[in-house]
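Everything in the sequence shown is counted per this note's numbering, starting at 1 for the first residue and increasing by one.
There may be inaccurate statements among the hints.
Said to hold, decoys possible - Computed spacing ranges between beta-carbons, pair by pair:
1. 45 - 164: 33 to 41 Å
2. 113 - 165: 22 to 30 Å
3. 1 - 196: 34 to 42 Å
4. 1 - 110: 20 to 28 Å
5. 217 - 169: 18 to 26 Å
To be verified - Lysine-lysine pairs mimicking BS3-like chemistry, simulated, CA-CA at most 27 Å apart:
6. 76 - 44
7. 163 - 28
8. 44 - 28
9. 76 - 163
10. 28 - 76
Read the hints as simulated data drawn from the structure, not as lab findings.
Ideal Cβ positions, reconstructed from N, Cα and C, are used throughout, including at glycine.
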Amino acid sequence: MELAGLVCSTLAFGSVGLIMDACERALKPLGVEPAAALDAFPPKEITSLWSSFQYRFCFPSDIAGLLFAARCARLKFGSLQGLFLSCVYGAAGSVEDSPAFDKNQPRLSGNLLPALSRFVLTLRSYSAEVSGGAGIRANLLPDPADGSACKRLFLFMRWMVRKDAIDPGPWDRVSPSALVVPLDTHMAGTCRVRLGFLRERRSSAQPTLRDALEVTRRFSAYAPDGIPGVQDQQAFSSRLSSCRLASCRFDLSH
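Please model the entire structure based on the sequences and the hints provided.
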């Protein structure tokens, strides 16, 4: 699930139909158990199996580099969550060996951007090291420290952390309250024009990390832990009635 989430979030640009087709093609060689299959593949086979893959500006070296990186992370930390936790706690080896690690602690919350930056840079370094080249390019796996909105990275985190009817949520150590809204150009426009969450500026400007954090802050005033379950819909709708979100006519029962 982690591996599929990483691959599909990385490819989440363009129209929905094209994204779904690209994800199916990228995951097909991995079969029904992607992580186990990837762990068993020798590096040369990864390069060979994805030698003809291309989706817009994602080329064979990019997808192979991403898979190399994920494989390295799994071999060293057991999972992508293990790698992320090592970036939080600063563990040089396994997460459990870190003096700061306590499996009984509440789930992580607060500002996790520095850890996410280390997570990305570690995957990039694994990608370049194992693939013997540049590995996956920065625009496909962006570093929050560079200031972009990092929509695909935050989408991956949402899929990993939130557990509901839409998001699978296999990670159990991170609180949904620590998530940042995956902000693309279209959603930024809605937040700017209809909701008044962002300042007006030229329409061609790409959303930034600052924009994503501001939108997250504004949404958090109404749902700190994300849109709650069905049992809380009445209270949530009551909170929405005092803001411009009410005019969007969301059907929160689905």
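Status of the hints after comparison with the structure:
About 36 Å separates the C-beta atoms of residue 45 and residue 164, a value consistent with the hinted range of 33 to 41 Å. A hinted range of 22 to 30 Å holds for the C-beta pair residue 113 and residue 165, which are about 28 Å apart. Evaluation of the 34 to 42 Å hint for residue 1 and residue 196 yields a pass: the beta carbon distance comes to about 37 Å. With their beta carbons about 25 Å apart, residue 1 and residue 110 fall inside the hinted range of 20 to 28 Å.
For the pair residue 217 and residue 169, the beta carbons lie near 23 Å from each other, so the given range of 18 to 26 Å is met. For the hint pairing residue 76 with residue 44, the CA-to-CA distance comes to about 19 Å; that is within 27 Å, so the pair holds. This hinted pair checks out: residue 163 and residue 28 have alpha carbons roughly 25 Å apart, not beyond 27 Å. With a CA separation close to 17 Å, the supplied pair residue 44 and residue 28 stays within the 27 Å bound.
At roughly 26 Å between alpha-carbon atoms, residue 76 and residue 163 fall within 27 Å of each other, so this suggested pair holds. Restraint check for residue 28 and residue 76: the C-alpha separation of about 25 Å stays at or below 27 Å, so the hint holds.
Checked against the numbered hints given earlier, the structure satisfies every one of them.
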